[in-house]
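Engineer: One-letter residues, chain by chain:
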Amino acid sequence: MKLLLSIILVALLGFAAPLYFPWWSFAITTFIVLFFLHQSPGRSFLAGFAGMFILWAGNAIWIDMANNHLLSQKVASILPLQGSYILLIFLTALIGGLVSGFAALTAAYSRKKKTVS
Amino acid sequence: MRILPFLICLLVTTGLILLLNTPLRIGDSHTPRLGYFLSPQQGFWQNAEPDSLDLTETLSVNGLQGNATVYFDERLVPHVYADNEHDAIFLQGFLHAKFRLWQMDFQSDAAGGRLSEIMGDSSNGTNFLYIDRFFRRLGMVSGAEKSLAAMEADPQTKAFQDAYTEGVNAYISRLKDKDIPFEYKLLDYKPEKWTNLKTVLFMKYMAYDLAGFEQDFEMTNAKSVFSKVQMATLYPYGQDSLDPIIPKGTKFSPAAFSMQPPAGADSLYFHFKKDNSRTDSILQPDKDNGSNNWAVAGTKTQSGRPILCNDPHLGLNLPALWYEMQIKTPELNTYGASFPGAPGIIIGFNDSCAWGFTNAMRDVRDYYEIQFKDSTRQEYWYDSAWVKTTFRDEIIKIKGKPDHVEHIAETNWGPVMYDKDFPDKLQTGKSYACYWQAQQGSNEMHTFRNLDYSKNFDDYLEALKGYACPGQNMIFACKRGDIAIKQNGKFPAKWRGQGDFLMPGENDLYAWRGFIPDSANILMHNPERGFVSSANQYPYDTSYPYYLGGVYPVYRGYLINRELKAMQNISVADMQALQTNNYNVFQEIARPLLEKYIDRSGLSGLEQKYLDLYTSWNLQNNADEVGPSIEKVWWDSLMTTVYADEFAQTDLPLPWPEKSTLLDGLLKDTTSYIFLDDIRTNQLESLQDDITKAFKKAVPVLDKASKESALPWGTFKKSGIRHLLRIPVLSRLNLFSSGGETEINALKNFHGPSWRMIVELTDSTQAYGIYPGGQSGNPGSKYYDNFIDDWVVGKYYPLLFVKEEVIKNRPNLKGILTFKKA
Numbered sequence: 001m002k003l004l005l006s007i008i009l010v011a012l013l014g015f016a017a018p019l020y021f022p023w024w025s026f027a028i029t030t031f032i033v034l035f036f037l038h039q040s041p042g043r044s045f046l047a048g049f050a051g052m053f054i055l056w057a058g059n060a061i062w063i064d065m066a067n068n069h070l071l072s073q074k075v076a077s078i079l080p081l082q083g084s085y086i087l088l089i090f091l092t093a094l095i096g097g098l099v100s101g102f103a104a105l106t107a108a109y110s111r112k113k114k115t116v117s
Numbered sequence: 001m002r003i004l005p006f007l008i009c010l011l012v013t014t015g016l017i018l019l020l021n022t023p024l025r026i027g028d029s030h031t032p033r034l035g036y037f038l039s040p041q042q043g044f045w046q047n048a049e050p051d052s053l054d055l056t057e058t059l060s061v062n063g064l065q066g067n068a069t070v071y072f073d074e075r076l077v078p079h080v081y082a083d084n085e086h087d088a089i090f091l092q093g094f095l096h097a098k099f100r101l102w103q104m105d106f107q108s109d110a111a112g113g114r115l116s117e118i119m120g121d122s123s124n125g126t127n128f129l130y131i132d133r134f135f136r137r138l139g140m141v142s143g144a145e146k147s148l149a150a151m152e153a154d155p156q157t158k159a160f161q162d163a164y165t166e167g168v169n170a171y172i173s174r175l176k177d178k179d180i181p182f183e184y185k186l187l188d189y190k191p192e193k194w195t196n197l198k199t200v201l202f203m204k205y206m207a208y209d210l211a212g213f214e215q216d217f218e219m220t221n222a223k224s225v226f227s228k229v230q231m232a233t234l235y236p237y238g239q240d241s242l243d244p245i246i247p248k249g250t251k252f253s254p255a256a257f258s259m260q261p262p263a264g265a266d267s268l269y270f271h272f273k274k275d276n277s278r279t280d281s282i283l284q285p286d287k288d289n290g291s292n293n294w295a296v297a298g299t300k301t302q303s304g305r306p307i308l309c310n311d312p313h314l315g316l317n318l319p320a321l322w323y324e325m326q327i328k329t330p331e332l333n334t335y336g337a338s339f340p341g342a343p344g345i346i347i348g349f350n351d352s353c354a355w356g357f358t359n360a361m362r363d364v365r366d367y368y369e370i371q372f373k374d375s376t377r378q379e380y381w382y383d384s385a386w387v388k389t390t391f392r393d394e395i396i397k398i399k400g401k402p403d404h405v406e407h408i409a410e411t412n413w414g415p416v417m418y419d420k421d422f423p424d425k426l427q428t429g430k431s432y433a434c435y436w437q438a439q440q441g442s443n444e445m446h447t448f449r450n451l452d453y454s455k456n457f458d459d460y461l462e463a464l465k466g467y468a469c470p471g472q473n474m475i476f477a478c479k480r481g482d483i484a485i486k487q488n489g490k491f492p493a494k495w496r497g498q499g500d501f502l503m504p505g506e507n508d509l510y511a512w513r514g515f516i517p518d519s520a521n522i523l524m525h526n527p528e529r530g531f532v533s534s535a536n537q538y539p540y541d542t543s544y545p546y547y548l549g550g551v552y553p554v555y556r557g558y559l560i561n562r563e564l565k566a567m568q569n570i571s572v573a574d575m576q577a578l579q580t581n582n583y584n585v586f587q588e589i590a591r592p593l594l595e596k597y598i599d600r601s602g603l604s605g606l607e608q609k610y611l612d613l614y615t616s617w618n619l620q621n622n623a624d625e626v627g628p629s630i631e632k633v634w635w636d637s638l639m640t641t642v643y644a645d646e647f648a649q650t651d652l653p654l655p656w657p658e659k660s661t662l663l664d665g666l667l668k669d670t671t672s673y674i675f676l677d678d679i680r681t682n683q684l685e686s687l688q689d690d691i692t693k694a695f696k697k698a699v700p701v702l703d704k705a706s707k708e709s710a711l712p713w714g715t716f717k718k719s720g721i722r723h724l725l726r727i728p729v730l731s732r733l734n735l736f737s738s739g740g741e742t743e744i745n746a747l748k749n750f751h752g753p754s755w756r757m758i759v760e761l762t763d764s765t766q767a768y769g770i771y772p773g774g775q776s777g778n779p780g781s782k783y784y785d786n787f788i789d790d791w792v793v794g795k796y797y798p799l800l801f802v803k804e805e806v807i808k809n810r811p812n813l814k815g816i817l818t819f820k821k822a
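Residue numbers (our numbering), protein chains in the order written: chain A, 1 to 117; chain B, 1 to 822.
I should point out that these hints are in silico values taken from the structure, not numbers from a laboratory. None of the hints are false.
Between beta-carbon pairs, the in silico distance windows are: (1) I86(A) x P5(B): 32 to 40 Å; (2) L59(B) x I86(A): 33 to 41 Å; (3) E804(B) x M65(A): 32 to 40 Å; (4) I86(A) x K193(B): 38 to 46 Å; (5) L4(B) x I8(A): 25 to 33 Å; (6) Q65(B) x M65(A): 37 to 45 Å; (7) K193(B) x M65(A): 32 to 40 Å; (8) Q82(A) x T615(B): 40 to 48 Å; (9) I86(A) x D154(B): 56 to 64 Å.
Covered by chain B, according to a simulated footprint, are these stretches of chain A (three or more residues, beta-carbon under 8 Å): (10) 20-27; (11) 60-67.
Every residue, glycine too, gets a C-beta built ideally from N, C-alpha and C.
Chain A on its own, in the form it takes in the complex:
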């Protein structure tokens, strides 16, 4: 329950913060979420990673479908990802997930060890 709640909060705040602050501001909100919803390092990372991975993947897929993959295919050729919009969406989500995951891990270690979640 705590895990699910933290994933949802990571995603929600991770969406809200970059509306006003730099793209990486979700790292701070993730830290705050996992600081207060204290969990084991493994679960914290999972919550931080999943929350942003799902958010960015979902957001990108939503935009990409409406755009008929027009721009994603071009960007996937520039980057270079062989023009694959699927790889590009995965890379997008992975970047969001990793930054958030490590922010969550930082939060987990910032408090005393927790044995039972």
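Fit chain B to the known structure of chain A by using the hints.
Structural biologist: Same frame as chain A, now just chain B:
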């Protein structure tokens, strides 16, 4: 708290963010900041436009004087209905910015020598600092400043320009960071405020593109290699197959100045000497920056009303150079192609008239040698005295590096373009000032604005007044029945050969003798033959009392005039067919010669096969024909066979002769054309030897293309439209297309008809047009390149020139922008 893992994780997190927030260097170029670029909320994803675009919005905008409405039709062409000129042009600026902001910013920065600021000093093998220094030393910025002053001195054009700049900035100030155009995100920079100077810089870029061509250094090198007779053969004045814009036989008034070359020019200027040093590449506008335009009178048309046609040939880019729109106020109703970056409709029509342009091709850029007293360059020798040099420091900002200061010496001849800090093409080590018409201040906007308002022939004449550079063949037709053309501009009065070579600058002996009086820029108005036309050929024959320096193509103009003479009862469909005509008139003249002189006795089976393909070709440069590929390779090969031996006498650049020059020369003299002999062999080559040898060299090239399925002309010529940053995936390359260099449909590699327009001036105007691109400059929009496929096959769109009541009820509108004054 577990200190060590905490610190490690904190470090990893911040490290990741830093890494993803920094452009990474890969080879010679940089990635965007990946975290930012890929962020769905801020990065490029935000530029992926929904397929079902709806632009409808109500906006309250500061700076508008009244309310206004913009309707976007199904091709995303805006129709602007405003209360007055200020608001209409304000909204034009707003719309240009909304759809083309990055392009207008980038083009203007390129003209002002600011690319290093965006791209770094070099990237992907392009030396941007060199390009920036080139434009600064050419005087682009100082010239733009002078023209800005001239434009702002006229209250009418100043108001016009101010409204435009306000509109662009109104859009920029509303623009959210996440919505800035894709290329800003890719290159990681931000839009800046628009200024009137940025518009003028863009217009100076057009002047460079259209009136910046010169080959004075190459020609100077040529006279050190070739004799006087050879020079006249390679670079003749006038052309045999010429049909000038103003017909042959027109009587001209004598020159208003003495057109005798200065005393001593024979030994000093037309001398033959040999130099030796290395060559270097240099920027040069495409010499085929040309165009077609013509207008036929009602006596020749089905409707009994004039039809005007125009297709400017320019470098083809994405986002496209042009933006289509209609602008309507109580005093003004005009439609056509506008330049993102400048106010007004440039090529278009209104309720009464239509107008268009082709390039005049006149040489208005010359060089004068400067003798500095010493290396400090503080003084230079002029009129038997040392004159003080003035200096202009131009600061070039470089991304990621300290600024570069370009210390430009200015003389009474203009800025010193080449010296030991910026070597010329011949590596002479000498100093040369560049004297160029576009460096002088002039107000061209007056002409563009007033053409939009013109109601009749007199208004057209009035609009043309004061226009200086780039010189254009300005064509006109109106509903009253007038048709007219005039090569308009401020042209130097030069003696024959003046400005072909580098000139001495120690006194005014070699200065331009003044400017050709406007009365000698001949106007053709309602001629008996029922049409006026131009296709960048010589404006007059060589009896014109002033020298017409420059390089002029011949075949398009010749064919257009031949076709128009023969046509009667002309319809819009006929004009569309003529504008997209692919007939190769050059080969109509050249083929009998090649067929006559090729030695068939020694041909292999393969060679015979290609010769048969060539002789059975219908002379149409259609995409699916192989004939055009054969003729191109064969003629290029023949040019090389004939000239390469003589040209190998120097390592320095020489102007390569025109195709028409060789053809005209051979038609005149098939036996002893002076370049036929290969000077590297002992025997004396004949025309037959050269033509046969050229053909045998061409066949392997053609056969290789054939094996790669690349022989059909549409594949062989590799036409494409490149993104301004030359990124292939943002470009449309390898378009299977017809036409070519000498055809009316002048689509070459990356160069061709940039806006095809046909206007029939019936009571209710019937207009058609298309350009290779799309209304949106956003690569993430389906409107980015949606016209291209239709353009390639020669289709036209009917242009909606309508009242607000009509457009309001039109189905398939892409949106309505309602503007309220704030």
